[in-house]
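Enquirer: Please arrange chain B on chain A, whose structure you already have, making use of the hints.
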Amino acid sequence: MQLFQDNTFFVLLAVLSVPAFILGYLEKPIRLYGFAVSLVFLWLVMGGTPRALCFLGVFLLWEILEAELYVRVREKYGRNRKIYYVFLILSILPLALNKYATATGSALHLFGFLGISYMTFKSAQVIIQIFDGQIQKVDLLSYVYMMIFFPVITSGPIDRSQRFQDDIYRSIPRDEYLNMAGIGIFKIVLGMVYKIVIAAGIYQLMIRLGNGTDLKTTFLYMYTYGFYLFFDFAGYSLMAVGASYLFGVKTPDNFNKPFLSVDIKDFWDRWHITLSHWFRDFVFSRVTINLMRSRKFKSRLTIAVIAFFINMGLMGVWHGTEPYYIMYGLYHGLLLSVTEVYQKKSRFYKSHRKDKWYRLVSGIITFQLVMFGFFIFSGRIMKYI
Amino acid sequence: MSDNTKIYEKVMDILTDVTGDPVVREDPDINLPEEGLIDSMGYMELLMDVEDSLGIVIAPAEYTREEMDTPRKIAAVVESKSR
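Residue numbers (the numbering used here), protein chains in the order written: chain A, 1 to 385; chain B, 1001 to 1083.
This is chain A alone, in the form it adopts within the complex (with noise of 0.2 Å):
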């Protein structure tokens, strides 16, 4: 079975969410009983590959004891870069591992399932905010639960643990959880016409227009595929976030109208925004920090400018080891940089940033840049190379 593809799914979702709805109506706890759901939708998916349950199983038990590890260490020592590089590469190393056995195309392939890219941004977010010191405990029902959360584990959105563990120990009045369904829900139904409609639609004229490497086909192809993106991933997303509603808990939209974007910075603040804000957060300002403190570069700019292409690069490999991620991300990160120093520089851009014909040009480029983008991404351009 296939999470959010399958009729059986749909079904089982209609049906394991009822108890739910009880719980939740009743101002009862959900958090147990979604535990529970997400273990049967795991065996579900992962039933049938008792390798990658194995793998899921080590792969969970080894951040987790990391976690708790580092609690105690960093007690111990403090703010000690040293010791929370090592626990920050640790935390990440199972996943490098699976990228470095999918690229190199191994037999046994190393913690091969389902979602570990995204539980990977979770693991490293609890050691980076333990080092912060805003996680000071981890809580293992909380730390498992957010990690097998059925609602989000093969593709986000990429929720903070803080914020989950909040929503699931939080008691929610019947008024505001009956809102909460409700809207769920809609989001579900929503997500639903945009994936199995809207994309399903596009696709059809993807593969049937844009089938050919002339101009005109090219151009077809990369429009209709940057569409198509957008409403598959934008639809699992709010079916996604409308699952995590009716199980009580508050799971961060991950879209924002991106095709109205001014600019490129405005597009990352559009487009898998948990992604962006987690790169934003836990890579872009740290990087940037280091940077300044170390004093080798004078200039702001310059500094952004290095920081943009770190964030991205790494943002690109994190798809895949691909040469067409990898060139995704170095693009991004290039698009980012001009436009940090335009930005900066141009005294057109300052008296005219705010005007309307100034916001629908910028707009319209930035949507052909975009969608350049995503044809890319979609690796069809090693086609051309």
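FYI, nobody ran anything at the bench for these hints, they're computed from the structure.
Where hints are given, some of them may not hold.
[Unchecked claim] No farther apart than 20 Å at their CA atoms in a straight line, the calculated lysine to aspartate or glutamate pairs in the DMTMM-like style are these: (1) K344/A <-> E1035/B; (2) K250/A <-> E1066/B; (3) K265/A <-> D1039/B; (4) K298/A <-> D1017/B; (5) K1081/B <-> E75/A; (6) K298/A <-> D1052/B; (7) K1010/B <-> E1045/B; (8) K354/A <-> D1039/B; (9) K257/A <-> D232/A; (10) K345/A <-> D1021/B.
[What the hints assert, rightly or not] Among the chain A residues that face chain B by a calculated CB cut under 10 Å, a handful are: (11) D132; (12) Q134; (13) F219; (14) H277; (15) F282; (16) S285; (17) T288; (18) K296; (19) R300; (20) I303; (21) A304; (22) G320; (23) K344; (24) K345.
[What the hints assert, rightly or not] Computed list of chain A residues with no C-beta within reach of chain B, every gap over 12 Å: (25) N7; (26) T8; (27) S38; (28) A52; (29) K99; (30) N256; (31) L291; (32) R293; (33) A307; (34) Y349; (35) Q368.
From the three backbone atoms N, C-alpha and C, an ideal C-beta is built for every residue, glycine too.
Expert: Then chain B, alone, in the frame of chain A:
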């Protein structure tokens, strides 16, 4: 001067420096990101300067942008962290 006034003054010094605009002192409720006075880089510089001059560590992911979008709110966050 009480500790809070001292922190408030220091935060205003830092903000004047980071934004390059003394308006932050005159209008402590001005929305900094909206007015283009601060961006991601500016926030990082702010956090670094607060740590260096006041010894108060604020992590980049600790507060949302909305919790730190005016000089007054920023000063309040720094004061709350000093306790």
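Enquirer: Hints first: check each against the structure and report whether it holds.
Expert: Going through the hints against the structure:
The hinted pair formed by K344/A and E1035/B meets the criterion: a straight-line CA distance of about 14 Å does not exceed 20 Å. Of the supplied pair hints, the one linking K250/A and E1066/B holds, its CA atoms being roughly 18 Å apart against a limit of 20 Å. A C-alpha spacing of about 11 Å is found between K265/A and D1039/B, which places the hinted pair at or below 20 Å, so the restraint holds. Proposed proximity of K298/A and D1017/B is supported: the alpha carbons are some 15 Å apart, at most 20 Å.
Taking the CA atoms of K1081/B and E75/A, the gap is about 19 Å. The hint holds against a cut of 20 Å. With a CA separation close to 17 Å, the supplied pair K298/A and D1052/B stays within the 20 Å bound. Restraint check for K1010/B and E1045/B: satisfied, since their Cα atoms lie roughly 14 Å apart, inside the 20 Å limit. Restraint check: the Cα-Cα separation between K354/A and D1039/B comes to about 16 Å, which is no more than 20 Å; the hinted pair holds.
As the CA atoms of K257/A and D232/A are separated by approximately 14 Å, the hinted pair is consistent with the 20 Å bound. Of the pairs offered as hints, the one joining K345/A and D1021/B holds, with about 17 Å between alpha carbons and a cut-off of 20 Å not exceeded. Nearest Cβ of chain B to the Cβ of D132/A: about 4 Å, under the 10 Å cut. The hint holds. Residue-level restraint check for Q134/A holds (minimum Cβ-Cβ distance to chain B is 6 Å; threshold 10 Å).
The interface hint given for F219/A is broken, as the beta carbon of that residue sits about 33 Å from the closest beta carbon of chain B, more than 10 Å. This hint holds: H277/A has a C-beta 9 Å from the nearest C-beta of chain B, less than the 10 Å allowed. A distance limit of 10 Å between C-beta atoms decides the matter here; for F282/A the minimum to chain B is near 7 Å, and the interface restraint holds. The interface hint given for S285/A holds, since its Cβ lies 4 Å from the closest Cβ of chain B, which is under the 10 Å cut-off.
With a least beta-carbon distance of about 4 Å to chain B, the hint placing T288/A at the interface is held under the 10 Å criterion. Restraint check, K296/A versus chain B: the minimum CB separation of about 15 Å is more than 10 Å; hint violated. The criterion of a C-beta within 10 Å of any C-beta in chain B is met by R300/A, whose closest approach is roughly 6 Å, and the hint holds. For I303/A, the interface hint holds, the least distance from its beta-carbon to any beta-carbon of chain B being 7 Å, beneath 10 Å.
Interface restraint check: A304/A against chain B, minimum CB-CB distance 5 Å, threshold 10 Å, status holds. Checking G320/A against chain B by beta carbon gives a least distance of about 26 Å; that is not within 10 Å, so the hint is violated. Among the interface hints, the one on K344/A holds; its C-beta lies about 9 Å from the nearest C-beta in chain B, closer than the 10 Å criterion. Nearest Cβ of chain B to the Cβ of K345/A: about 14 Å, over the 10 Å cut. The hint is violated.
No beta-carbon of chain B comes within 12 Å of the beta-carbon of N7/A; the shortest separation is about 39 Å. Residue placement check: T8/A keeps its beta carbon more than 12 Å from all beta carbons of chain B (closest about 38 Å). S38/A, annotated as away from the interface, keeps every beta carbon of chain B farther than 12 Å; the closest lies near 26 Å. With a least beta-carbon separation of about 31 Å from chain B, A52/A lies farther than 12 Å from that chain, consistent with its non-interface assignment.
Its beta-carbon lying about 24 Å from the closest one in chain B, K99/A satisfies the requirement of being farther than 12 Å from that chain. N256/A, annotated as away from the interface, keeps every beta carbon of chain B farther than 12 Å; the closest lies near 14 Å. For L291/A, the requirement that its beta carbon stay farther than 12 Å from each beta carbon of chain B is not met, with the minimum near 9 Å. The Cβ of R293/A sits about 7 Å from the closest Cβ of chain B, inside the 12 Å cut-off, so the non-interface label is violated.
The claim that A307/A is not at the interface with chain B is violated, since a C-beta of that chain comes within 12 Å of its own (minimum 8 Å). The beta carbon of Y349/A is not kept farther than 12 Å from every beta carbon of chain B, the shortest such distance being approximately 10 Å. Even its closest Cβ contact with chain B, about 24 Å, leaves Q368/A beyond 12 Å, as expected for a residue assigned away from the interface.
The structure is inconsistent with the numbered hints 13, 18, 22, 24, 31, 32, 33 and 34, although it conforms to all the rest.
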